[in-house]
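Two chains, two frames, a set of hints: combine them into the complex.
Taken in order, these protein sequences are the chains called A and B.
Take 704 as the starting number for the first sequence in our numbering and just add one per residue.
Take 400 as the starting number for the second sequence in our numbering and just add one per residue.
It is worth saying that the hints were derived from the structure and are not from the lab.
Incorrect hints may have been included.
Stated by the list, open to error - Just so you have them, the derived chain A footprint on chain B, three or more residues with Cβ under 8 Å:
hint: 1; segment: 523 to 535
hint: 2; segment: 662 to 669
What the hints assert, rightly or not - Sample of chain A residues at the chain B side, in silico, Cβ under 8 Å:
hint: 3; residue: SER771
hint: 4; residue: ILE856
hint: 5; residue: ARG862
hint: 6; residue: GLU895
Since we're looking at a predicted model, the values are computed, not measured.
For each residue, glycine too, the CB sits at the ideal point set by N, CA and C.
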Amino acid sequence: MMKHPEKERKNMPNRLPMSDPSRRKFLKHSVGFLLATAAYGSGLAETAKYVSPGWSRPVLENACLEPSTDAEKTLAAVVDTVVPGPTLDPDGDPGGLEACSLNLMFDEYYPFRTMIPELATLFDINSPGGSFVDLDYESRMETLVKVQNEMPILRLAFRAIRSAFFGGAYNGLGHEYVKYPGPNLGYRHILEASFRVPVCQELTDGWMP
Amino acid sequence: METYDVVIVGSGFGGSIPALRLAEDGRKVLVLEQGPRFTAKDYKMDWSFRNQMRMFVSFTSEDYTVFMRYGKGLGGGSVTYAAAMLRSPSEVFDYTDQNGYKVWPSSVTRSVLDPYYEKVEQMMEIERIAWEDVPKVGGCFAMLLDRMGLTCDRAMYPIHDCLHCGFCMCGCPYDRKKHLGLNYIPQAEELGAEFVVNAKVDHVEEDGDGSNHVVVYVDEFNIERKVATPMLIMAAGALETPVILQRSKNYLSDLHPQVGKNFNQNGDMALVFQLPEDFPDAWSYMGRNNAGMITYAFWEEHKITIHAGGSPPAIYAALDIVREDGGKPDIPFGVEFKHFLRDNYPNRLISSLAIGLVDGEGEVWADDNGLLKFNIPQTDHFKAYLDKVAGVGLRIQEETGAKLFRTADHTYEHGDAHPLATCRIGDNEEKAPCTPNGELRSNPGIYCADGASVPGGTGVNPAHTIAANAERIAAFLVENK
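So that you can see chain B by itself, here it is in the shape it has in the complex (with noise of 0.2 Å):
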């Protein structure tokens, strides 16, 4: 069995960033991805649901009212994302729950990170975006935000010469877009990090005098692989990196039994509005995915950020859009439907996503099959959160004459892409699995270093704080061999 200094599961932010600062340490790293190596020419201008299989892994709660997915491919979710790469906000760091726990380590604050996350900006060549690339879509949105004399800001993107087509979320055909297959995991090749894709991992295994963690995956041809390290780095995403070491419960002599618990969705909730009539058309599907615009303006009062989402149609027929105020369509199907979106699509509809701290109540967990599953209780706290964040959607609707439209049966969509928290760090040893530097406290020798280990809601897409995060993990194992 062949040993390796560093192995690493999964190759999103949590994964190949670790595995390049190691690389540069002169760490022999393997990383072991379960999705293929895609190229631009890979990428499908494609929004139908199979397009979206193909890219991502999809799961559906355990009740039905939640959906959630990955990104598969080397690159991991960096490949799919929309490419909004935001610090988070001061407070994100002192939130405390509604048990008095406070979720992030007192080691680990904006002022701690913010080192960390120049270097990813640096290495992903993030920028803020132009007003003449902001797309009309965004525009729209900062426009009904102007109207209540409130502010909408420029998002920053690690996007450059972007040709508005749409799709980032598909993978962009054109490169402009930068992912980690452009910086990251070509630097840390070069200094010889393997990386192994289709590579699914089963579980992992202690070897016999618990120097070393032996990691059991199946490859390409369907072939069953042992590897050995006595320095495990998970990083397979908050869905996924709980659930194998849970299916690897057997084979460790323990495992907190916090692992999986806390998943946060990031306090994500959609919402749609009808522009007022005297707005100008959104074109909603041009530009970049994450459409350009993030308002803090709800953030003082409500912990509360909004963003505007570009729309493919696609998006409409996953959303369950109807009208808040009882007006139609009061059912999302059906001839009304059908032509309301006729006559509002492209240029009079716009979709938003709310992201906003909330408690981790969910969990995650393998079935007695090995299988993900997860759920999102409908607990009188999220309720509220919930209930607080359509406020300001229809304190909009109020103040603007926009038109705001539930996007889930009886509430609004919640979740999707940005899972949290499952294996997060923190300074209580009962309810943090992990150390503030990312070390599994019942199984030492193996860390998270992904968007499990972040420990609470980023209040804006988490992409940069995951990713700072793992370079503050990283630095931490290069500097403490």
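In isolation and in its complexed conformation, chain A is listed as follows (with noise of 0.2 Å):
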């Protein structure tokens, strides 16, 4: 790893301050750092009032769809090939279908909800032997690229399907699995959300003349 840019790169001009602070700034610095953390607590304590129902994590308020008809059966193959799930993965995380991808059939604002016969057909007629349920996961992906590639229209749908994942749009699963935390009060607590220090040379006064 890089060592940190504030170490090596203490040459730099515009470097921040770090003159040493006489007792008496450091104790007014103190102070105000204290009474800063206050603030800063009890501000946090108030938005989090307001902010408790947009920041939970989307809750399942429906379970998963399960596939019934075949068109729906060929749509699930197609969600869990675009994003594999245990059956497909060989590290055996979760996919497509177990955040709840298929509900996208159903989703209001879901564009492509409206021509699911469509879609599955498209795919299934693209299948060698007529069936992409019936497909090993290479023969799959082979078919997805050869459709994606007649329709360019499909990368929206598949972009909407690997939106429901690492999106969470029904569920954490796919946040989980990237490790992303999700909402938040805010990360400046944790003193992680800047390497705080310049690292590199500037041009311009904050825009070009």
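See the structure below:
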């Protein structure tokens, strides 16, 4: 890993002032810090009151839909190929189906929901043997790449499937998978959000002349 | 039918700024906004597409290659913008297109706009981000430039006491990001301006003697209403403003044929990098969504700026990232892609957005049902621009050890959030639907003051230039009663 930029770049101009504070300054800063911390804490408590409905992890309001029709089974296989679940992922991790991506089909926000039968037919007729469900993983991938190249709009359908997992549309499995903590009350208190020091030379005072 | 001195369609920068200035002048002002009135408690920290659809109106181009969206709600795009407020470089105002047409009017230059930029900066409390607030992802981006021996600058924002939660573009739940609902709009309301939300404008008509325009809209109860005005300001954004005008074509005596043409996506193009192994972790979901740093190092040679972007995981679901050099992942789905994100998010991937000067060759139009359609053709000129930006990305890859990713099928993602120029101002009567002061040449009394009127790319995030241009047009309307 690279050394901390503050240590590595201490010879650059415009460093943070690192002069030794006098005892008075130290006390002044300490009191200021404590007051600021207290104010910040009370501020967090206040904001937590009104953001709590929004920052809770997405709640699974309905169970993951189970495919029943042939078209739904085909699309379930597509979802399981785009974001593979335990049966296709060698590591056995959850995938799109476990993240309820199939619920997209009935989601009022999903623009493709009215095209389910047509989409399923499209995948089946482009599959060797006429059934996407029956293909192995490699053949499914080849089929999806082929139909995507022929119909660029399908990129958007695949994005939506990925988004349902990684974007946490229905549950938090995708967030947990990539170690994204999700909603929060701010990161300043753990001082992890910034390197906090200059890391490069600047050309302007903020914008070009 | 009620009559107002001024009716404004849209409450983003192009609408709320004239609303305040004209209300200050004592005019009776009505603003119609199609979205709801959000407050901080309405903003959800939720990057899922479901919440995005709640906060934005989204469209895909007719050839499915470009995705565009605009913020809905009182305050327009300011509610969900990433809040980089940068003055456009002087050369922007001298830009000449491939046909030799100078897109900005000769009367509008950077020095002319500077006092209006200053007004916006005071109102929005814009200041330069401190190093202590630059998100790590912005710091990593700057370190890439530094490794090349190039500069990278801290950018300007109307954000104060940021908590780094990383949800600017879902609407700041802490109101630390200044938006129009915290300054221009409440001040205008205090002066008597009326803001009606959930009011979707269908079309505009002319009244019998042509002295007034009649705005026909549907209110929140789905009831059709009409208001009349001698001064109509269109500020529904570069996507909706031309479509409303085109829906009105049969009700107006004339409409400039260039309305909806010259659509410019501001040269936006997403670049994703995998950080060199010796770089520190980026924690890319922390901090403001426009991640604090912008480089002007490529401006002189290429007229391109690049700024770092924060990245919730949904970003990598929405971008088809594949390795530029043929490495893995080469397909943006499947096991390899899934494992790649698991192994590299959030610390080893950083997203960035290149913005640059390119001709507006796209078009926005209303289809037979009056619905918004758009296209940005892949012309040789546009492809050359994309290649130029990709070349800059490749240079960063070669000189830093970072790995560059394509972000769309066969190319890079372009478009998204910065539509401009569909009712552009300009000196040429045939090429520009609006006069330099925003009045539609074909329809005296109708003005455009939003991103639609900004005639070309802004070289940087366009919000500040849209706002300053709206201040300029508002000043003209106040001075010329």
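Verification of the hints:
no. : hint       : in the structure
1   : 523 to 535 : holds (count 7)
2   : 662 to 669 : violated (count 0)
3   : SER771     : 23 Å, violated
4   : ILE856     : 4 Å, holds
5   : ARG862     : 5 Å, holds
6   : GLU895     : 6 Å, holds
Of the numbered hints listed earlier, those contradicted by the structure are 2, 3.
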